[in-house]
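Visitor: These protein sequence lines are chains S and W, in that order.
Heads up: the first sequence runs through residues 19 to 299, numbered per my numbering.
Heads up: the second sequence runs through residues 7 to 513, numbered per my numbering.
To be clear, the hints were calculated from the coordinates, so they are not data collected in a lab.
Warning: the hint list may mix true and false statements.
Said to hold, decoys possible - The calculated lysine-lysine pairs, modelled on DSS-like cross-linking and capped at a C-alpha distance of 25 angstroms, are:
#  : chain 1 : residue 1 : chain 2 : residue 2
1  : W       : Lys-354   : S       : Lys-61
2  : W       : Lys-182   : W       : Lys-346
3  : S       : Lys-210   : S       : Lys-61
4  : W       : Lys-92    : S       : Lys-298
5  : S       : Lys-298   : W       : Lys-354
6  : W       : Lys-392   : W       : Lys-381
7  : W       : Lys-381   : W       : Lys-393
8  : W       : Lys-354   : S       : Lys-290
9  : S       : Lys-299   : W       : Lys-176
10 : S       : Lys-299   : W       : Lys-347
11 : S       : Lys-291   : W       : Lys-354
12 : W       : Lys-439   : W       : Lys-481
To be verified - Partial list, derived from the structure: chain S residues whose beta carbon lies under 7 angstroms from chain W:
#  : residue
13 : Gln-30
14 : Thr-33
15 : Gly-37
16 : Asn-62
17 : Tyr-86
18 : Arg-91
19 : Thr-95
20 : Met-99
21 : Met-101
22 : Leu-106
23 : Gln-283
24 : Val-285
25 : Trp-294
Said to hold, decoys possible - Covered stretches of chain W, going by a simulated chain S footprint (3 or more residues, C-beta under 8 angstroms):
#  : segment
26 : 230–236
27 : 351–362
Source: prediction; values computed, not measured.
From the three backbone atoms N, C-alpha and C, an ideal C-beta is built for every residue, glycine too.
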Amino acid sequence: MDKPGVQFRTNQKITWCPGCPDHIILESARRTLISLVEQGYNKNNFAMAAGIGCHGKIFDYLNISGIYALHGRAIPTAIGMKMGNPNLELLVFAGDGDTYAEGMAHFIHACRFNPDLTLFVNDNQSFSLTTGQATPTSQPGFKSNLEPLGNFNSPLNPIHLALSAGASFVARCNANDIEHTRMVMEAAIKHKGFSFVEILQDCVVFNLYVNNKDRLMYKLPEAKRTLKKALALSQEYDYINNKGKIPLGIFYAQPRPSLDEEWPQLVNLKNKKVGWGGLKK
Amino acid sequence: MRLNILIGGKAGQGINKVSGIIAETLVKNGYYIFNYRDYPSIIRGGNNFNIVSISDRPIASHESAIDVVIALDEDTIKIHKSSLKKDGLILAYKDFSGLGLNTNVALAGSLIKVLGFDNKVLASVVKAKIKNKLSVDALTEGYNKQTSKFNLKVLNNQISILSGSSAIAKGAINSKIDMYFAYPMTPATGVSEMLAKDQLKNNCLVFQPEGEISAINMALGASFSGARTMVGTSGGGYDLMSEGLSLQGMSQIPLVVYLASRPGPATGLPTYSMQGDLEIALRSGHGEFPRIVVAPGDPDEAMEKVNEAFYLSEKFGALSILLSDKHLAESEFSLFSKNKKTLPVVVKRLIPGQGVVKVSGYESDADGLATEDPKIAIKNADNRLKKYQAIKKECQKLEMIKIYGKADSKNLVIGWGSTKGAIVDAIDGEDFKFLQVLYMMPMSNQIKSEILAAKNVILVETNLTGQLGRLIREKTGLKIEKRILKYDGRPFKSDELKQELLNKLKS
Ligand SMILES: Cc1ncc(C[n+]2csc(CCOP(=O)(O)OP(=O)(O)O)c2C)c(N)n1
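Full structure from sequences and hints, please.
Guide: This is how it looks when you write it as structure tokens:
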């Protein structure tokens, strides 16, 4: 399974819809891992937790260790994995329904706890695997079979929320842009502490209204920003319609001691290069 | 010889603290104790009390008739006077105006004199537990105010004291626990605190996440990575964990869950005790998957059963639920048996870092990849069933039930968990045999034969509907007609229970 071109792939048949950007996100993730291994990362140390939704299927397609977690619970699952062995390089793949509806508390507290892991949220502004209901980032007026009168709520701004909650790394990507996404993914993984990467993606079947916004996107220049500046930038896009500018790239990166640097027990495991399972007691 | 001492006052007056000091002093004088703790969910005020029962023979319960009331306030006298024996004694706060927070210690001094002991042991216990120079003066003042009434002699017994919570923490440490996840909830918090206190010394980690849903998912993650992992909670938090239990069932990540019950539904009586959660321990979590449910009845068993829970979950990739309640968790017991051998809890499975290892909440194939293939679905389900059979076999090597009392009695009392102490004390010297069920799932086959061999069978539980009775009926087809069920949140007192048992025999 380690031949070039198939590295980090499994033999599982891919069941995403034709044209779904999830295919591209998988490819960005795969290239990220290949690049990191080339830079000396141990491929056995990558591990992931995935949520439940279309996005979560990446679990079966990416050949690294992990838990296909419960809907909304990929974040605590991954934090546990990280605490179980702080030498692991943890990736979380989650959806917008998954993270901001069912699992919202975990998202906010992960920003606070600052575990050294990376969260990717594939945001298609729809619960797609359950056939297209409104999520917390859907626009008002979005109608589904479940809400035929339309969604009455304004979308949540996850970038703004993550920054306010204390996330030490916050970025946004466009699923369609493999190379830029790979670069951001790589930077996010290298960041010490909790990294949040929002990946904007179209859904080719549901909530088509919010699709096709590539033309509004622009790349933020690489720069060290204050929280205030990052928060201001986060307001440029309101998730409602395809007006306004959509900044891509790293909004904010400000390392602070991560969970595994604070707990002496975990520092000890890292120094010894083992997890609890390899520790002599 | 048996005495019951009630120590009461307002929350914040050091009732539990001084009760612990008294218990320890008595144990150091060679007496067996049982220290029951009763308190409302109030931080300051209300009426808190402990009953410290003492005897020259092993005991594990308290009684209703009180020999000495130690009152730190007027309410205690009003509320508990009626429980006092005819020749009972009240030692009251009024004798010590001006001592403030040391009033409790002064009264302990008075008690020790009344019982007939020297005050040296008390002084050493007080010194170790209260960092306040005036406290020793206070106890001397209290001591000198009284004369000996009971004339107790120092005995030569080697006894130590342990609460259920401390025992569970000890059992976890003996099992080399690595990580404990818990969100605060009475009466489970005791274990978190015990483990947290010495976590660096014991090389483990106690983490308080944002809630119980997070706790169980983190725990599964940590265990997957190779940590010996446990979560602790009470009913409400356990309900929140249900979906996580189900993920355990599918992923087969080893996990130990400590469930300490209190009376429900909902917030119920948060600081009281009830055996109302046996059925959620047995059944919560959707889908059908194997699990182990074990309910120790005292600290000795708690230590042993926690270790078995860790051993079984690691060996079988299974869910072990350790069921306790407030009465076991927060009461203090005399401990005098020797430590048994600890079963080794060794992580032998493949863990991340060693290669690709995937587990899933979906039904999955041998590589851990999701599948909807009906043949694999059947195979996996059959394997879950087979695993339960293997667990059952392994459990037969462990103590799944215990028998106490008169071996040839035709009067069989059946109970579980924290009622053990009161039952064992209640049947002492009477024509009863007591069958204690420790493993609720799997269950011992011997239960059926014991019931069939008895003439009178009496079920004793602290819940409304007799949940163990229902489980036994499910497993054996036998219905236990005679039942003593208590559901006021208060545990059985052994003297009252004895009367009830004798009455049931007549009915
Ligand atoms: C506890 C629970 N509630 C509901 C579901 C059903 N469910 C499966 S996927 C999903 C929505 C996923 O939406 P999102 O996270 O946005 O992912 P997408 O499918 O859009 O990638 C829901 C609600 C579930 N699996 N578990």
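Visitor: Now tell me if each hint is right for this structure.
Guide: Verification of the hints:
1. W:Lys-354 to S:Lys-61: holds (21 angstroms)
2. W:Lys-182 to W:Lys-346: Holds: Lys-182 (chain W) and Lys-346 (chain W) sit about 16 angstroms apart, inside 25 angstroms.
3. S:Lys-210 to S:Lys-61: holds (18 angstroms)
4. W:Lys-92 to S:Lys-298: violated (60 angstroms)
5. S:Lys-298 to W:Lys-354: holds (13 angstroms)
6. W:Lys-392 to W:Lys-381: With Cα atoms ~16 angstroms apart, Lys-392 (chain W) and Lys-381 (chain W) stay inside 25 angstroms; holds.
7. W:Lys-381 to W:Lys-393: Given pair Lys-381 (chain W), Lys-393 (chain W) holds - Cα atoms ~18 angstroms apart, limit 25 angstroms.
8. W:Lys-354 to S:Lys-290: holds (19 angstroms)
9. S:Lys-299 to W:Lys-176: holds (15 angstroms)
10. S:Lys-299 to W:Lys-347: Satisfied, since the Cα-Cα distance of roughly 17 angstroms is no more than 25 angstroms.
11. S:Lys-291 to W:Lys-354: holds (18 angstroms)
12. W:Lys-439 to W:Lys-481: holds (21 angstroms)
13. Gln-30: holds (5 angstroms)
14. Thr-33: Interface hint status for Thr-33 (chain S): violated (9 angstroms vs cutoff 7 angstroms).
15. Gly-37: violated (22 angstroms)
16. Asn-62: holds (6 angstroms)
17. Tyr-86: holds (4 angstroms)
18. Arg-91: holds (4 angstroms)
19. Thr-95: It holds, given that the least Cβ distance between Thr-95 (chain S) and chain W is near 4 angstroms, below 7 angstroms.
20. Met-99: Constraint on Met-99 (chain S) satisfied, holds at 4 angstroms.
21. Met-101: holds (5 angstroms)
22. Leu-106: holds (6 angstroms)
23. Gln-283: For Gln-283 (chain S), the interface hint holds, since the closest Cβ of chain W sits about 5 angstroms away, which is under 7 angstroms.
24. Val-285: violated (11 angstroms)
25. Trp-294: holds (4 angstroms)
26. 230–236: holds (count 6)
27. 351–362: holds (count 7)
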